[in-house]
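*Asks:* Using the sequences provided together with the hints, build the complete structure.
Protein chains: 2
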Amino acid sequence: MTVRPGTIAAHVDAERLWRRHMELAQHGATPNGGVDRQALSAEEIAARRTIVAWGEAIGLSASNDDAGNLFLRLAGTAPDLPPVMIGSHIDSQPTGGKFDGAFGVLAALESVEAIVASGARPRRPIDVVAWMNEEGSRFAPGMMGSAAFTGARKLADVLAVRDAAGVSVSDALAAVLAAEPQLPGRPLGTLVAAFVEAHIEQGPILEAEKRTIGVVTGIQGKRTFRVTVTGEENHAGTSPRSARRDALVSAVAMVHALQAAMWDAADVVRFTIGRFEVTPNAPSVVPARVVFSIDLRHPDTATLRDLGDRIPGLCAAAAGRCVVEVRELLHDPPLAFPAAIRDRIRAAAQDLGITWMDIPSGAGHDARYLHYHGPTGMIFIPCKDGLSHHEAESATRDDIAAGARVLAETAFGLSVAE
Amino acid sequence: MTVRPGTIAAHVDAERLWRRHMELAQHGATPNGGVDRQALSAEEIAARRTIVAWGEAIGLSASNDDAGNLFLRLAGTAPDLPPVMIGSHIDSQPTGGKFDGAFGVLAALESVEAIVASGARPRRPIDVVAWMNEEGSRFAPGMMGSAAFTGARKLADVLAVRDAAGVSVSDALAAVLAAEPQLPGRPLGTLVAAFVEAHIEQGPILEAEKRTIGVVTGIQGKRTFRVTVTGEENHAGTSPRSARRDALVSAVAMVHALQAAMWDAADVVRFTIGRFEVTPNAPSVVPARVVFSIDLRHPDTATLRDLGDRIPGLCAAAAGRCVVEVRELLHDPPLAFPAAIRDRIRAAAQDLGITWMDIPSGAGHDARYLHYHGPTGMIFIPCKDGLSHHEAESATRDDIAAGARVLAETAFGLSVAE
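First to last, the sequence lines map onto chains A and B. Here this note's numbering is used: the first residue of the first sequence is 827, the next is one more, and so on. Here this note's numbering is used: the first residue of the second sequence is 827, the next is one more, and so on.
Quick caveat, the hints were computed from the structure, so don't treat them as lab data. There's no promise every hint is true.
Which copy is meant is left open, so a pair is good if it fits within one copy or across any two.
[To be verified] Taking lysine to any residue pairs in the SDA-like style, the calculated list, with each CA pair at most 20 angstroms apart, reads:
hint	residue 1	residue 2
1	Lys980	Ala966
2	Lys1210	Ser1068
3	Lys1036	Leu1140
4	Lys980	Pro1160
5	Lys1036	Asp1211
6	Lys980	Leu1017
7	Lys1210	Arg1147
8	Lys980	Asp1158
9	Lys1036	Ser1068
10	Lys1036	Pro1066
11	Lys1036	Asp1135
12	Lys1210	Pro1066
13	Lys1210	Glu1058
*Replies:* Shown next as structure tokens:
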């Protein structure tokens, strides 16, 4: 079956797609216009029900797996071939926005709806997917569903994780699956012909460059560290500076030295200290302990390695009279998406007359794990002021529709490719 | 009645005094050898009962007032004269030690016990006092009982303060007073002939100088500030440094600049940032807000004023792309205890052959409020490594006894002075 470029995209309904974003955002809506729909919550259960209803209304077959990933299948003419997967996640940060994750799932749903409306028939099945717990804010770390699906993490390890209240993934997931008794299960780790994830950029580059589509070249590498600075508690009024072992003074000296050493003039390095906790944290007590996090990211493997390797030495040099321990928690090298997928996304944008540019992904995504499982790519659209993980997160109706059009063309093309 | 120097001190029983420290420390004992006996807690109620029992066993008359201050009176031959007061407090920090406060109350009790044992009769009554809530860790700020007694704060204002659990001082105090139904009440604000507070130094100077008694010259001044730095939450992986308004980066720059500007070569300035709180405090989120405390102390009025007045400007200059608000919470000027009291403490130490030195108090004490109510002084003894507000807080049996001897002689001298 030959379908001319643009045929599928013409059936993307921008109004419907926008309306669905607003409706989905009601599940976990916050007073400030954001979304609090954390993984495996009651709000997410309700959101999944809404997604399933929308999918079933156009004839998709819903299913889930033991990791809580949710699938909606559009049948292909060759039902035994591995599917093309498109999607993202619908869980959010506690003070998240309406678009992070949700856009990728709703654009995927809109894509198959456009295919159905066009009358075209995919060869391979197309699965719309919502991966379980991408954000990792309730159950850490994130990207749990895609990690379990691709075998990057064992399901048993994922199920044993507990949230701050002591609830396990296992128990929370049981409630989610119990709420979907009519859905058949499907196995983890099945073959995937291709995976394409659409997402807001979560950064300011597309907006600044006035491009609508980001053809994602890969995901930058990430290293994370936990730094523990131990000094000695003392009285703020009586202990002379020379007698103190002030953990905050030493930690601030470390942060100061790290900032000077890590950041580059080209502004490519992403260096963030997001967590900084003081003990006992009382105004008139010299701090005995500080624990802070380091999040370091870079698209180049060697640079990421070299910068990260300097961290323990920089901390030790600034420790003063305190003791410092630097523990590395994660080292994910950079990855590059295959040209075959990137070319197809780029061609779709060009055929539709939509502006595009190549762009690296600063954030991790479920596409990180799928990359090692099958040919994978990502499509970015701009978000206002680059804000994400924020209640004011925003994207325009036109950009959302453009992203869905490019995804729809790409997905259909992959489904019929030899 | 003439009593030769040293007569009273000879009746101080070092073993009894030590044993009482260990017994009192059982009320709120922590697994690490410290004390958690916060103001108006069940542990403090039990400790008060113990103190009253010890006092009544030697014939003292116990009473309390509407602010929860506890008194044990040794009658004088001129019962209508204002009393000499000696004492401190028995509440502790949540991870406090056995000696902060407790030493001052137990040394006072030992002093009157020595006077009784010596057969000498004071002219003025001598009141052993335990002031309510000196520490201010449960109900802030501290020195509540002495502030209410001296009129520095209105009783109604003190009673309205609530702890983190929402319990008011009024309700907690009602439970304390209900546990002492046999004790007569006494009015607030009565005249005081003199007040002398014995206390561990809470600093390292006496230990370093190998002196047993610190004749406290006064209490250094204190200014406290709350600094609020507001930036914008963003994604650690995607937002370039140039686009960030990172509240932690700005706050660290402020702390760095403040440390450089505040500390002096002579190491007299006490400058502490004890509280530092980051929002949202998540490893992969650029911080939107930091709130930190500043505790600045100095014995010189002009220096304290000038240094403190520089803080808002230093913070503003380091704010970068964030917004900073500096709010002053407290400005207590330095105070000097009167020579009459200091001379008497110094003379007592000299007569007893105990080493002494003049020393300023770095910490605030109930003596701060009593100073404006009647002639006031303080006696310090060394504490191990200068540690205080710490479970490892420690003082020697000999130093504790020496402090009690000097206090006993001083108190008796004041009680019979013209």
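*Asks:* Which earlier hints can't be squared with this structure?
*Replies:* 3, 4, 11
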